[in-house]
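Undergrad: Start from chain A and add chain B according to the hints.
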Amino acid sequence: MSALRSTISSGIIRSTSPTHSLLPAASSFKPIKNPCLPQTHKLFTSNSNTFSPPKRGFTCKSQAIPSDNSAPEKVQELHVYELNERDRGSPAYLRLSQKSVNSLGDLVPFSNKIYRGDLEKRIGITSGICILIEHKPEMKGDRYEAIFSFYFGDYGHIAVQGPYLTYQDTYLAITGGSGIFEGVSGQVKLHQIVFPFKIFYTFYLKGIGELPEELLCKPVDPHPAVEAVPAAKACEPHATIANFTN
Amino acid sequence: MAASDKVQELHVYEMNERDRGSPAYLRLSQKPVNSLGDIVPFSNKIYRGDLEKRIGITAGMCILIEHKPELKGDRYEAIFSFYFGDYGHIAVQGPYLTYQDSYLAITGGSGIFEGVSGQVKLHQIVFPFKIFYTFYLKGIGELPEELLCKPVDPHPAVEAAPAAKACEPHAAIANFTN
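From first to last, the protein sequence lines stand for chains A and B. Just so you know, we're using the numbering used here here: the first sequence kicks off at 1 and counts up by one. Just so you know, we're using the numbering used here here: the second sequence kicks off at 1 and counts up by one.
Chain A on its own, in the form it takes in the complex (with noise of 0.2 angstroms):
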């Protein structure tokens, strides 16, 4: 994985998944020889009849797709929410840049609550900075560099890097974790529902035990109106998880 996470730092591919939107044409993409790669891998493969073309919107299979051609390693699906109460003076806006459109330069250190996904328990909170990289105004949105993490109190804490796009889902790479998350690996989409206050994060988890029946939920389809729960929202004991990190 470390190979291909190297490639895809390289600019030449956004995103494990060929349906992510960011792919380059199929016209354009050029086959990388990467002798660390397996060489029937789907994603090097000239040939490969599984790539497929970029798409306008953003898709979304339910599943994350294995990286190469292993035996398929179980993948586990964790639904989080993170909202914004405006109650941890979160974000801060840090115009480092001193310019008076959002520029690099500028960073934003943030924290919010998470739930999960079914909106009936507290969990933890998010923590770490956005990183501005450029304000697209064709867009009306901007492109960042998130590197956080997803505290979930006794169990432990999952690390993510990736893209933080206003204005369309993203895929983050999942860099590791503690505690049952030890080891972890993977990738989460972000789904933006409201800007910046509400976000539906589905994680695909790979190489740890079986999460506990707890985190595991039917999840709350996003739309706008979305909250948490008042006994959750107030942390309730039967409404949050052991040691809920706050």
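Please keep in mind that the hints were generated in silico from the structure rather than gathered at the bench. One or more hints might be untrue.
Stated by the list, open to error - Restricting the straight-line Cα-Cα distance to at most 27 angstroms, the calculated cross-link-like pairs of lysine-lysine (DSSO-like) are: (1) B:Lys138 <-> A:Lys206; (2) B:Lys68 <-> A:Lys233; (3) B:Lys68 <-> B:Lys130; (4) B:Lys6 <-> A:Lys74; (5) A:Lys233 <-> B:Lys72; (6) A:Lys206 <-> B:Lys6.
The structure displayed is predicted, hence computed values, not measured ones.
TA: Frame of chain A; chain B shown alone:
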């Protein structure tokens, strides 16, 4: 157990000897108490767990997330690397709480640590000058003898052995990072 699941422990002391201009507390929040917005780049020296060899440095930053007055401390999100001279480096990310121990995620590495995964326990001895780390490393080959040791038990008066502090050749790893 698969070879790649084998967990190897590594012990490291991080010592701020106050000679690297670190930390640089950037009070970008412009508030009198530590607040979201403050950023703290830092770089300290690291020694092998028995304090007999200089290994290299840490380098990275802490993002202030929240001041915790009831705990008389702060929560940071820490993103940084440990540099092991010619051996390579280990990259980590996770919580730094000035009032209690925490586990950070090992996000990757280079050199002998290429492809590494796992977690590292951060144990603060004297805030913010002395920290003891225990790495739980997976997915890499056997660690070289030179990095393994019986660690000194953390206590407030720990210091590197004089030869290691002086970076004498026998008390430092090859091309220790500086």
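Undergrad: Hinted pair, alpha-carbon criterion (27 angstroms max): Lys68 (chain B), Lys233 (chain A). Please report holds or violated.
TA: holds, 20 angstroms
Undergrad: Hinted pair, alpha-carbon criterion (27 angstroms max): Lys6 (chain B), Lys74 (chain A). Please report holds or violated.
TA: Status holds; Cα separation ~20 angstroms.
Undergrad: Are Lys68 (chain B) and Lys130 (chain B) close enough, with their CA atoms no more than 27 angstroms apart?
TA: holds, 21 angstroms
Undergrad: Has the given pair, Lys233 (chain A) with Lys72 (chain B), been kept, meaning a C-alpha gap of at most 27 angstroms?
TA: holds, 26 angstroms
Undergrad: Holds or violated: Lys206 (chain A) and Lys6 (chain B), Cα atoms, limit 27 angstroms.
TA: Satisfied, since the Cα-Cα distance of roughly 17 angstroms is no more than 27 angstroms.
Undergrad: CA of Lys138 (chain B) to CA of Lys206 (chain A), is that 27 angstroms or under?
TA: holds, 15 angstroms
Checked against the numbered hints given earlier, this structure breaks none of them.
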